[in-house]
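Fit chain R to the supplied structure of chain V, relying on the hints for placement.
Chains as they are written, first to last, in the working numbering: chain V, 1 to 309; chain R, 1 to 266.
If you're looking for bench data, these hints aren't it; they were derived computationally from the structure.
Think of the CB as a built atom: it goes at the ideal place given N, C-alpha and C, for glycine as much as any other residue.
It cannot be assumed that every hint is accurate.
[Stated by the list, open to error] Examples of chain R residues toward chain V, derived with CB under 10 Å:
(1) N5
(2) V13
(3) L18
(4) A89
(5) L147
(6) Y173
(7) F177
(8) L181
(9) V183
(10) T184
(11) L185
(12) P186
(13) I187
(14) F212
(15) T232
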Amino acid sequence: MAALTRAPAPPAPAGPEQRPPRRRGRLTPYWLLLPGLLWLVLFFVLPMVYQASTSVQTGSLEEGYKVTWHFVTYWEAVSEYWPQFVRSVLYAASATVLCLLLGYPLAYLLAFRAGRWRNLLLVLVIAPFFTSFLIRTLAWKTILADNGPLVGALDALHVLDVTSWLGWTSGDRVLATPLAVVCGLTYNFLPFMILPLYTSLDRIDPRLHEAAGDLYARPFTTFRKVTFPLSMPGVVSGTLLTFIPAAGDYVNADLLGSTDTRMIGNVIQTQFLRILDYPTAAALSFILMAAILVMVTVYIRRSGTEDLV
Amino acid sequence: MAFVNWLKRNLVVIAGLLTLGYLLLPNVVVMVFSFNKPKGRFNYQWQEFSTDAWKDPCGVADMCGSLALSLQIAVWAMIGATLLGTMIAFALVRYRFRARGVVNSLIFLPMAMPEVVMAASLLTLFLNMGAQLGFWTILIAHIMFCLSFVVVAVKARVMSMDPRLEQAAQDLYAGPFQTFLRVTLPIAAPGIAAGALLAFALSFDDFIITNFNSGSTVTFPMFVWGAAQRGTPVQINVIGTAMSVIAVLCVVIAMVISNRRTRQKA
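The following block holds chain R by itself, in its conformation from the complex:
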């Protein structure tokens, strides 16, 4: 009976942890299979333990090149989307102007649209223009769909900002530019950083829009897609595992640092 009561009380916890397991299972599989030595071209069945792929992560033709291209595009898309998005967010929160509703829905629509629709319509534009598909068309597309996410992230932060802080700065004879640089920007920085990180992640992992607008240019997701048809090298799993380990380490370090800071303040 005690067990039944315990089960009743912790049912939510158990169900939640099971869901977490479902979310993490593929990552575990990716990690385990990065140590596999597959027979044949596909890495779907466990054969034997081997660290070959880890010793030679760039041993597959074109893979590391595609990875570098993806990183490059993600950095530029992040910079572009963060700049344009932050400006829009400030305008939306700080100013009254006409056509606010139109602007809001123009920001919302790309997020409410299936990616395949945006991808296909952008391709019709590029085809009609006779544009050469490649790096630039991918970058244009990525900035376009990352923009709205940056606006939402920055807007949330700027909205929760106390406007009196800026008024105080101006009472202390700071000019508008100085106020912006010394007060507004530092307070908005976490929102801008969140938006920028989101843009980077979205661009780096984007497949559908890139699939339509890349021509013969191969980004990392495009490489994985091609590999899924031709044969999956173990090195894909190595990259996948390394990326998540590095990212989780960064997050944990950032958390530890911010914990220390709050403790020092307290």
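Only chain V is shown next, with the shape it has when bound in the complex:
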């Protein structure tokens, strides 16, 4: 009992409500908010409005565009590019699941088992960020090269036969296949999974593990009943931070994939920057935004963590 009573009392919640209201400077918050919010309204909200308006315009580059409420663009965009939409969601979802599976052990190691190595390991997790992500993604071209040691080993072990049968790779190649793209996406967004997981695992009191052990829980039961539920905020924000950028990414599909692995980001990029079909591009981008917002909202509601921000 003594050990229990010695435990520190939980800190009193220090919300802004407790602070004395300030009498002076009632306008101060608005002055503080004004420049930043103005920036966001001008360069984030207003562009969305312009994009929505562009998506219902018709015309040509030479003669200019006019708003004609041409909603058919949306229908045409979806019926032509639905495979890329589906592929984006599939690839991003696979990458997110892989990130969770790969990232959880590392976050756990950082939070509970690293001891005096923790800071060094944290630096190593963040270290890749300091090299431009495009250069690091290009390095995967070398790692997954057709005549490289990795692909040779996978081929010799007949792993490639299985993955080809599943449609993840084709023949004895890994590059330019879905597997390469998902591998690149997983690699690029893994730190965004590890860091929130680590933050939420680090907050868990290790005495809870001891308590679970004292109550005869096996290590796996402790994990399933105590550690994992307590790390849910990290899991939710980690999956969001991985899935959202992965679904809109076109860099990995472009550098590591082929024309058969084009994602919706690739389509938006080519429509905007090469084909210059602005209405279709704006419609696609609008659909992507709406789809992501709906998915994120449903996900946050279902996982019951609404205080993410």
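Same frame as chain V, but now just chain R:
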């Protein structure tokens, strides 16, 4: 049996270290291939050891210029986003005001939006305005998407601050300005620094938004992207390696210094 038990106990450690290896492997490849002497235009296959690229890091046309431009944009984006973001963070934590929910979601939305959507919509705005794409449009875009990350970083720090410290300063006859400068700002400084560093890193390495809004201006990521289509010079790997070595050295030095300080205090 002892080995099996050891394996069971350390399974998490082994899995974690394997993940770390997966994270670091590309950096190792980038470093090793900075000493390569490729045949042909692409540096994807190992040929022979050479230090040519290290002796002449700026030997590729336009590369160091793009690097300087990226650094310049990153510094200005950092300053802009840190100023605007810190002000918003203080307003959110320290004051009660109407429309707090709207402000919060306006901060959250840019982080919950795929970059390509922001990039494309910003381009439609610039095209409609007839703006000349280049340095200024890149800077505007970078400040916009870095802003939210600064707000989150600063907010976390200011929220954990004890408000009684400021009250104590005022009891000791410090004016509001003096209190802010001598008490509030030093305590919030780590949060502001973290936000500023994050903004710098995000801006420096940004590709997607820059790709849409740069016109014919070439930042360093844009240069690498172009190189991936035309031919990758070894110098790209030299820059990539040098950047990570310098950054890791800075972090290690900072850690050693802060360790010494805490030891001296104790």
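Structure-based check of all given hints:
Evaluation of the N5(R) hint against chain V yields a violated restraint, the C-beta minimum of about 12 Å exceeding 10 Å. Nearest Cβ of chain V to the Cβ of V13(R): about 6 Å, under the 10 Å cut. The hint holds. Of the supplied interface hints, the one on L18(R) holds, with its beta-carbon coming within about 8 Å of a beta-carbon of chain V, less than 10 Å. At about 9 Å, the closest approach between the beta carbon of A89(R) and any beta carbon in chain V falls short of 10 Å, and the interface hint on this residue holds.
With 10 Å as the threshold, the beta carbon of L147(R) comes within range of chain V, its nearest partner Cβ sitting at about 6 Å, so the hint holds. A distance limit of 10 Å between C-beta atoms decides the matter here; for Y173(R) the minimum to chain V is near 16 Å, and the interface restraint is violated. Violation of the interface hint for F177(R) is found here, the shortest Cβ-Cβ separation to chain V being roughly 12 Å, above the 10 Å cut-off. Given the 10 Å rule on beta carbons, the hint for L181(R) is violated: about 16 Å separates it from the nearest Cβ of chain V.
Checking V183(R) against chain V by beta carbon gives a least distance of about 15 Å; that is not within 10 Å, so the hint is violated. Interface restraint check for T184(R): the shortest CB-CB distance to chain V comes to about 13 Å, outside 10 Å, so the restraint is violated. Annotation: L185(R) was flagged as interfacial toward chain V, and the flag is violated, the nearest CB pair being 14 Å apart, outside 10 Å. A hinted interface residue such as P186(R) counts as satisfied when its beta carbon comes closer than 10 Å to some beta carbon of chain V; here the least separation is about 19 Å, so the hint is violated.
Residue-level restraint check for I187(R) is violated (minimum Cβ-Cβ distance to chain V is 14 Å; threshold 10 Å). For F212(R), the shortest C-beta to C-beta distance to chain V is roughly 7 Å, which falls under 10 Å, so the interface hint holds. Hint status for T232(R) relative to chain V: holds, with the closest Cβ pair at about 6 Å, below 10 Å.
The structure does not agree with the numbered hints 1, 6, 7, 8, 9, 10, 11, 12, 13 stated previously, though it agrees with the rest.
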